[in-house]
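Chemist: Sequence:
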Amino acid sequence: MLKVSAAEFQRNIGRYQDLALRQPVAVTRNGRESCVLISTEEYRRLKRREREVLGIEDFTEADAEAVRRAEAPAESAAFDHELTP
Numbered sequence: 061m062l063k064v065s066a067a068e069f070q071r072n073i074g075r076y077q078d079l080a081l082r083q084p085v086a087v088t089r090n091g092r093e094s095c096v097l098i099s100t101e102e103y104r105r106l107k108r109r110e111r112e113v114l115g116i117e118d119f120t121e122a123d124a125e126a127v128r129r130a131e132a133p134a135e136s137a138a139f140d141h142e143l144t145p
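So the sequence shown is numbered by the working numbering: it starts at 61 and just counts up by one.
Each hint should be verified, as a subset may be incorrect.
The following label-pair restraints were derived from C-beta to C-beta distances [to be verified]:
1. 128 with 70: 53 to 61 Å
2. 100 with 68: 21 to 29 Å
3. 72 with 126: 51 to 59 Å
4. 114 with 92: 30 to 38 Å
No lab work stands behind these hints: they were computed from the structure.
The structure displayed is predicted, hence computed values, not measured ones.
Glycine included, each C-beta is placed from N, C-alpha and C at the ideal position.
Hey, can you work out the whole structure from these sequences and the hints?
Modeler: The following block contains the structure:
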């Protein structure tokens with residue numbers, strides 16, 4: 061990801077808008093990233109992946125039972141080591 065100061069971004073905004081079509085541009089303020097400029101296409105892709113978070117109170121008993129009966133696919137066994145403290 062390209063990083064640029066806020067002052068540099070203001071001086072050359074058109075250049076960084078063009079660059080953001082190909083890669084994210086992080087704008088820094090006082091040396092710390094404050095925002096990231098991305099293409100509209102990338103933004104929309106990320107929004108499509110956005111997920112809704114539900115609380116346990118949002119589940120019906122049938123939902124909860126389906127979760128209890130669910131089994132992980134065999135491929136997930138490769139990550140079992142991440143479950144042990």
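Chemist: Each hint: holds or not?
Modeler: The hints, checked one at a time:
Distance hint check for residue 128 and residue 70: the Cβ-Cβ separation is about 55 Å, which falls inside the suggested range of 53 to 61 Å. Look at residue 100 against residue 68: about 23 Å separates their beta carbons, and that is inside 21 to 29 Å. A C-beta distance of roughly 54 Å is found between residue 72 and residue 126, which places it inside the suggested range of 51 to 59 Å. At roughly 34 Å, the beta-carbon separation of residue 114 and residue 92 lies within the given 30 to 38 Å, and the hint holds.
The structure fails none of the hints (numbered hints given earlier).
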